[in-house]
Amino acid sequence: MKIENKKWSLEKFNQIREEVLKQWPTGQDVDLEEAIEYQKNIEPKKRVTAKLKEAKESGITLIQPRAGVALIDKHIELLRFLQDEGKADILPTTIDSYTRQNNYEDAEAGIKESREEKRSMLNGFPAVNHGVQGCREVVEALASPLQVRHGTPDARLLAEITLAGGFTDFEGGGISYNIPYAKEVSIERTIYDWQYVDRLVGLYEENGISINREPFGPLTGTLVPPSVSHTVALVEGLLAAEQGVKNLTLGYGQCGNLVQDVAALESLRELAAEYFADFKDIMLTTVFHQWMGGFPQDEAQAFAVISWGASTAALGNATKVITKTTHEALGIPTKEANAEGLKASKQVINMLRDQSLASNDKLEKEKEMIKKETKQIMDHVLELGKGDLAQGVVKAFKAGVIDIPFAPSRFNAGKILPARDNEGAVRYLDHGNLPFTEEIVKFHQKKLEDRGKDEGREASFQMVIDDIYAVGQGELVGRPKKNKKEENSCK
Amino acid sequence: MQKTKTKEVQKTENKQETEQKTLVIGVIGSDVHAVGNRILEEAFTQAGFNVVNIGVLAAQEEFINAAVETDADVILVSSLYGHGEMDCKGFKAKCVEAGLDDVLLYVGGNLVVGKQDWEPVKKKFLEMGFDRVYPPGTMPEVSIADLKKDLGLDD
Numbered sequence: 000m001k002i003e004n005k006k007w008s009l010e011k012f013n014q015i016r017e018e019v020l021k022q023w024p025t026g027q028d029v030d031l032e033e034a035i036e037y038q039k040n041i042e043p044k045k046r047v048t049a050k051l052k053e054a055k056e057s058g059i060t061l062i063q064p065r066a067g068v069a070l071i072d073k074h075i076e077l078l079r080f081l082q083d084e085g086k087a088d089i090l091p092t093t094i095d096s097y098t099r100q101n102n103y104e105d106a107e108a109g110i111k112e113s114r115e116e117k118r119s120m121l122n123g124f125p126a127v128n129h130g131v132q133g134c135r136e137v138v139e140a141l142a143s144p145l146q147v148r149h150g151t152p153d154a155r156l157l158a159e160i161t162l163a164g165g166f167t168d169f170e171g172g173g174i175s176y177n178i179p180y181a182k183e184v185s186i187e188r189t190i191y192d193w194q195y196v197d198r199l200v201g202l203y204e205e206n207g208i209s210i211n212r213e214p215f216g217p218l219t220g221t222l223v224p225p226s227v228s229h230t231v232a233l234v235e236g237l238l239a240a241e242q243g244v245k246n247l248t249l250g251y252g253q254c255g256n257l258v259q260d261v262a263a264l265e266s267l268r269e270l271a272a273e274y275f276a277d278f279k280d281i282m283l284t285t286v287f288h289q290w291m292g293g294f295p296q297d298e299a300q301a302f303a304v305i306s307w308g309a310s311t312a313a314l315g316n317a318t319k320v321i322t323k324t325t326h327e328a329l330g331i332p333t334k335e336a337n338a339e340g341l342k343a344s345k346q347v348i349n350m351l352r353d354q355s356l357a358s359n360d361k362l363e364k365e366k367e368m369i370k371k372e373t374k375q376i377m378d379h380v381l382e383l384g385k386g387d388l389a390q391g392v393v394k395a396f397k398a399g400v401i402d403i404p405f406a407p408s409r410f411n412a413g414k415i416l417p418a419r420d421n422e423g424a425v426r427y428l429d430h431g432n433l434p435f436t437e438e439i440v441k442f443h444q445k446k447l448e449d450r451g452k453d454e455g456r457e458a459s460f461q462m463v464i465d466d467i468y469a470v471g472q473g474e475l476v477g478r479p480k481k482n483k484k485e486e487n488s489c490k
Numbered sequence: 000m001q002k003t004k005t006k007e008v009q010k011t012e013n014k015q016e017t018e019q020k021t022l023v024i025g026v027i028g029s030d031v032h033a034v035g036n037r038i039l040e041e042a043f044t045q046a047g048f049n050v051v052n053i054g055v056l057a058a059q060e061e062f063i064n065a066a067v068e069t070d071a072d073v074i075l076v077s078s079l080y081g082h083g084e085m086d087c088k089g090f091k092a093k094c095v096e097a098g099l100d101d102v103l104l105y106v107g108g109n110l111v112v113g114k115q116d117w118e119p120v121k122k123k124f125l126e127m128g129f130d131r132v133y134p135p136g137t138m139p140e141v142s143i144a145d146l147k148k149d150l151g152l153d154d
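Just so you know, the sequences run in chain order A and B.
Throughout the first sequence, residue numbering follows numbering that gives the first Met the number 0, covering 0 to 490 in sequence.
Throughout the second sequence, residue numbering follows numbering that gives the first Met the number 0, covering 0 to 154 in sequence.
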């Protein structure tokens, strides 16, 4: 399979489309012309793109939860609650994990068992099995716009069905929904399959239907340095734009240090403005994900984590924030807990609506470093692809020039190791094969040496493990236990 | 005196070596949570176990095949995404069928969809044939202590 970053011909798209729609019987119900007519009748206030545009122009941060259950009526009930009680601006439909692996047989069994057990046996909404009509039932029952959220390496049929079903926003991309979500799927394969999804969205756009696309920012959600996630966001956005996508929300997951996180959001916007300069009629927005790592089990502590994420989103002027819940440490939340996460977030966002983090030396330095790092990776990717971004990405993953920490995929080098510095910002303990200059490498080394000195230990894998558990245990930086005792005795 | 001590140490070391127990670990079903899996591998290895890690997205058959091939003492199943109940169905019976009657079965994580009381969940998995069932947020030290106890290892 030879992939290149070039807009697909309609002929190529239609040829593959025939196969895609045969993957599950519900695919036969998708009629693109009829779907375009259906989408035309969806009023603007029920389109994600309209909502994002309004938020971007007025400088507010929208709130959106994650949610999905197995059965249509229960899913509607859940989303209605999040809309009315939680006041979510954009509603989600999180897809179950069997569907994400294209395992529609097990999803069907899950639907059946959920009916028998009278509770959801699936961790999301099996949209492919429910088909176009099932999706439309959901969309029509709600007043707010809906986005599909998942984690599917091959999401072609899912996109066909949900977009024909009236959804106006589709998350994911060939890197962000492969490397953190699969073990054995090649990058060539997912870039190719996501070109299909983006070409489909492009077709809707050509017919006057605006559909938003959102590369999944947080990746593995575990100490991902901003320049790694920015690179992936830019790459996936550029690949999507080439296929005709006109509305893009670029994402970033909270690391926990306020200055670094605000710098990440600001640099993401500035980098995007630069890299998408050739695409004149594109709408770029940002999404900030509240803390994606391990949560405290205590609900009051969890609220603090949620509120800290909402604060950062507001101060960094993200267009949208994805909220968490106090049940995060225990698995999938009840609808009540989900609505509470929304309410807590909304309160903070409203209070901070007219504030932003003032420019200061530290913030500017962080932004400068994130931009330099991202550009060094992007330059090298394009060089490897001899100017072709798609080919460059494939080679970059082989060479570890793009590398995502803690990812399950065997197509990821897995050589980089992140850890927090003394102020909790995420740094490169080992930058693997990322093509950084001496200046960058030393900057990170110094930051981690400073922490090591303070803790009386060398920066190592143990430090990384401590950092991964830290938030769940009530801290941001995973200090050694001995050090904590000493600190206490000094007080 | 010195000589005897060295001999003693040597003996203990040999004993430990011959008794090193093998664990098969992995994340079952369509679950891709890779972080905890990597931490468990590190923690169990440091605790002196021979760890066979089959990684994420592992089917029941992969756990069983790995246990047969490596003559494992324990299979530890992780599930973080809520489908644990469906994914673990019939696991014990398949182990028995493969001649793994004596292999200990541990399971842990966010095993069901939604916030449910822990005790009924634990009971359900014990009835499914698991020897130990761990709630979300269990630290590796807890299962390491249980492993040592269940395998008759001195701490």
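Hints were generated in silico from the structure; no laboratory data involved.
Treat the hints loosely; a few may be bogus.
Said to hold, decoys possible - No more than 30 Å apart at the CA atoms, straight line, and that leaves these computed lysine-lysine pairs for DSBU-like:
| no. | chain 1 | residue 1 | chain 2 | residue 2 |
| --- | --- | --- | --- | --- |
| 1 | A | K117 | B | K121 |
| 2 | A | K86 | A | K279 |
| 3 | A | K370 | A | K385 |
| 4 | A | K117 | B | K93 |
| 5 | A | K73 | B | K114 |
| 6 | A | K117 | A | K5 |
For clarity, every value in this text was computed on a predicted model and none was experimentally measured.
- Output the numbers, in ascending order, of every earlier hint that fails for this structure. Violated hints: 2, 6; rest satisfied.
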